[in-house]
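Student: Residue strings, one per chain:
Protein chains: 2
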Amino acid sequence: MEIDVQQAAEFLKANDDYLILMHASPDGDTLGCGHALCGALQRIGKRARAVCPEEIPHKFDYLFSACEKQEFEYKTVVCVDVADTKLLGEMKPVGDTAALCIDHHETNTGYAERTLVRGEYASACELMYEVINALEVEIDKDIANCIYTGAATDTGCFKFSNTTPQTHMIAAEMMKKGADYAMINYVHFDLKTHARISLEQEVLKNIRYYEGGRIALISVPLSLVNSLDADSDDVGALSSIPRQIEGVDVGICIKEKKNGSYKASLRTSQLVNAAEVCQLFGGGGHARAGGCSFFHGAEDAERRIVKASAEALRTALGKE
Amino acid sequence: MEIDVQQAAEFLKANDDYLILMHASPDGDTLGCGHALCGALQRIGKRARAVCPEEIPHKFDYLFSACEKQEFEYKTVVCVDVADTKLLGEMKPVGDTAALCIDHHETNTGYAERTLVRGEYASACELMYEVINALEVEIDKDIANCIYTGAATDTGCFKFSNTTPQTHMIAAEMMKKGADYAMINYVHFDLKTHARISLEQEVLKNIRYYEGGRIALISVPLSLVNSLDADSDDVGALSSIPRQIEGVDVGICIKEKKNGSYKASLRTSQLVNAAEVCQLFGGGGHARAGGCSFFHGAEDAERRIVKASAEALRTALGKE
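Here the protein sequences come in this chain order: A and B.
All residue numbers for the first sequence refer to my numbering, where the first residue is 1 and numbers rise by one.
All residue numbers for the second sequence refer to my numbering, where the first residue is 321 and numbers rise by one.
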């Protein structure tokens, strides 16, 4: 059942003992949402804890001060920024019992009993901001840090085309509430580890171009990642590089995963819908950024994702 | 004489035949200001043209549609985002006759007859937004593109610590007025030429660390720039790289210039005031970003700027 912000707030006020689930491969938006909601619920006297199925990278440590660690038997499951319970990994069975989902993905599968979704919002944190206002919780510096983090990270620091005036208005509001925006921006958008710099140097040596330079692809072998002692952040940051190169409409980054699969991340110009290409291979995402997995080696992954991207690009160019 | 926004608007309404001067090595803020003001003055029936002492990089071409090209004998000189007429190059003598200066540099020398300065603003375009409102000119898409460009480029797309809630509020407002923010952000913050990527690869090979990794320095020989056919944008983008590396408090980029001088660009953490270090060598800037020039070879430049940076860093660390 789809509900609105006010109904979500009423539900949250009427219940208790919340388990808030954030998605695996956690990013600033799901973590910001989860900790902001957890803190807001605790401030109105509820028991709540926010849980992520995977380890949270240390660069997000500052989010933890938005809420207390509470141990209790949960009664009410709320998923935040989780479009599909598949994204919960081992916690999928728990997510399948969700009473409420707060999300900004148009592709939300409607798995929860109640779904509050705004596909047009750049981040789930923008929606969480409205929910917290409806809960009549005063936003303090710690919650402001959470909301700012989601709004900033899901828009590439207000750079991507998904950014809206609302994103900026909420960022301004969070800054007024004391959000430590300079630290947050530095950590997420400036800081590069030595490993990341080396990784960038290495993968750029072997960049491949297709379709006359309109498709650029880099690949990241696990052996390289291990040899540089790079972490998931270092690797994740590579995804945006190929599309940044002049003349490139489709940027692809293929990462070898520990389980032997290959994860392709697409970034596209307005000519190609990244989510649509990735959906051909069981993946998904947004119009300008998507991802999907392959299971038969690096060459197979490259061949198939490039073929599908080239077809989408040619179709778009034919229509121009 | 220091004046306020209303007085600046009254002056602009009372006079005519404006020559608007933008600073050399033009950036998005001076160009955004100049073209926004030129467009606004033309919309209230004034003759105006915006002039830059150096060639304007093509990535700013979209700003030109904010105003018409008008030929006339100028009567009133207005400088925008120009802290010192030295920054006008060959046009310094014209700048020295300025009737009005609109600027956001605390270091403004007060050279103009009337100075409207807001040192706490992240960009001069934020101040220009207020002036245009005071002129009662309706901001259209073209002027919105100008204002958005200054606000975004002077804050590294809202990333730098100089960003304020006001910066975000104005960005939101410009987006509502139709600013083509996705194109502008892509052009200024994402797009990398092939030359720039090669340049980054090459300079990172020879990065030097000092003070246990707290100072990082890259140098850009003119021969490398020429061999890659890199332009000033490609070279300019290198300045931010050393400071982005983990553990680095002072990032330095030394560029060999065509006239045989060496331009050092500093980016610093809050431990070191970049402008203060650069002022030791006749340069200047802001707290987190500054620049200065050396004239006795690359080694001399490196030795002197590193020594001054190390001293500033040690002083700061001693105080901690």
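None of these hints come from the bench; they were simulated from the model.
Do not take every clue at face value.
Unchecked claim - In silico lysine-lysine, DSS-like type, Cα no more than 25 Å apart, as pairs:
id	chain 1	residue 1	chain 2	residue 2
1	A	Lys205	A	Lys59
2	A	Lys205	B	Lys583
3	B	Lys583	B	Lys512
4	B	Lys497	A	Lys176
5	A	Lys205	B	Lys497
6	A	Lys192	B	Lys525
7	A	Lys141	A	Lys46
8	A	Lys205	A	Lys86
9	A	Lys141	A	Lys86
10	B	Lys366	B	Lys525
11	B	Lys627	A	Lys176
12	B	Lys461	B	Lys366
13	B	Lys496	A	Lys177
14	B	Lys512	A	Lys192
As the list claims (entries may be wrong) - Pairwise CB distance ranges, derived in the manner of DEER restraints:
id	chain 1	residue 1	chain 2	residue 2	range
15	A	Lys205	B	Glu440	55 to 63 Å
16	A	Gly297	B	Glu531	58 to 66 Å
17	B	Thr635	A	Met183	48 to 56 Å
18	B	Glu531	A	Gly45	47 to 55 Å
19	A	Lys59	B	Glu440	27 to 35 Å
20	B	Glu388	A	Gly247	53 to 61 Å
Backbone N, C-alpha and C define an ideal beta-carbon position, used for all residues, glycine too.
Student: Next step is simple, just say for each hint if it's right about the structure.
Tutor: A quick look at each hint next to the structure:
{"no.": "1", "hint": "Lys205(A) with Lys59(A)", "in the structure": "violated, 28 Å"}
{"no.": "2", "hint": "Lys205(A) with Lys583(B)", "in the structure": "violated, 29 Å"}
{"no.": "3", "hint": "Lys583(B) with Lys512(B)", "in the structure": "holds, 22 Å"}
{"no.": "4", "hint": "Lys497(B) with Lys176(A)", "in the structure": "holds, 24 Å"}
{"no.": "5", "hint": "Lys205(A) with Lys497(B)", "in the structure": "violated, 43 Å"}
{"no.": "6", "hint": "Lys192(A) with Lys525(B)", "in the structure": "holds, 16 Å"}
{"no.": "7", "hint": "Lys141(A) with Lys46(A)", "in the structure": "holds, 20 Å"}
{"no.": "8", "hint": "Lys205(A) with Lys86(A)", "in the structure": "violated, 35 Å"}
{"no.": "9", "hint": "Lys141(A) with Lys86(A)", "in the structure": "violated, 33 Å"}
{"no.": "10", "hint": "Lys366(B) with Lys525(B)", "in the structure": "violated, 53 Å"}
{"no.": "11", "hint": "Lys627(B) with Lys176(A)", "in the structure": "violated, 39 Å"}
{"no.": "12", "hint": "Lys461(B) with Lys366(B)", "in the structure": "holds, 20 Å"}
{"no.": "13", "hint": "Lys496(B) with Lys177(A)", "in the structure": "holds, 24 Å"}
{"no.": "14", "hint": "Lys512(B) with Lys192(A)", "in the structure": "holds, 18 Å"}
{"no.": "15", "hint": "Lys205(A) with Glu440(B): 55 to 63 Å", "in the structure": "violated, 45 Å"}
{"no.": "16", "hint": "Gly297(A) with Glu531(B): 58 to 66 Å", "in the structure": "violated, 46 Å"}
{"no.": "17", "hint": "Thr635(B) with Met183(A): 48 to 56 Å", "in the structure": "violated, 23 Å"}
{"no.": "18", "hint": "Glu531(B) with Gly45(A): 47 to 55 Å", "in the structure": "holds, 51 Å"}
{"no.": "19", "hint": "Lys59(A) with Glu440(B): 27 to 35 Å", "in the structure": "holds, 30 Å"}
{"no.": "20", "hint": "Glu388(B) with Gly247(A): 53 to 61 Å", "in the structure": "violated, 32 Å"}
The structure is inconsistent with the numbered hints 1, 2, 5, 8, 9, 10, 11, 15, 16, 17 and 20, although it conforms to all the rest.
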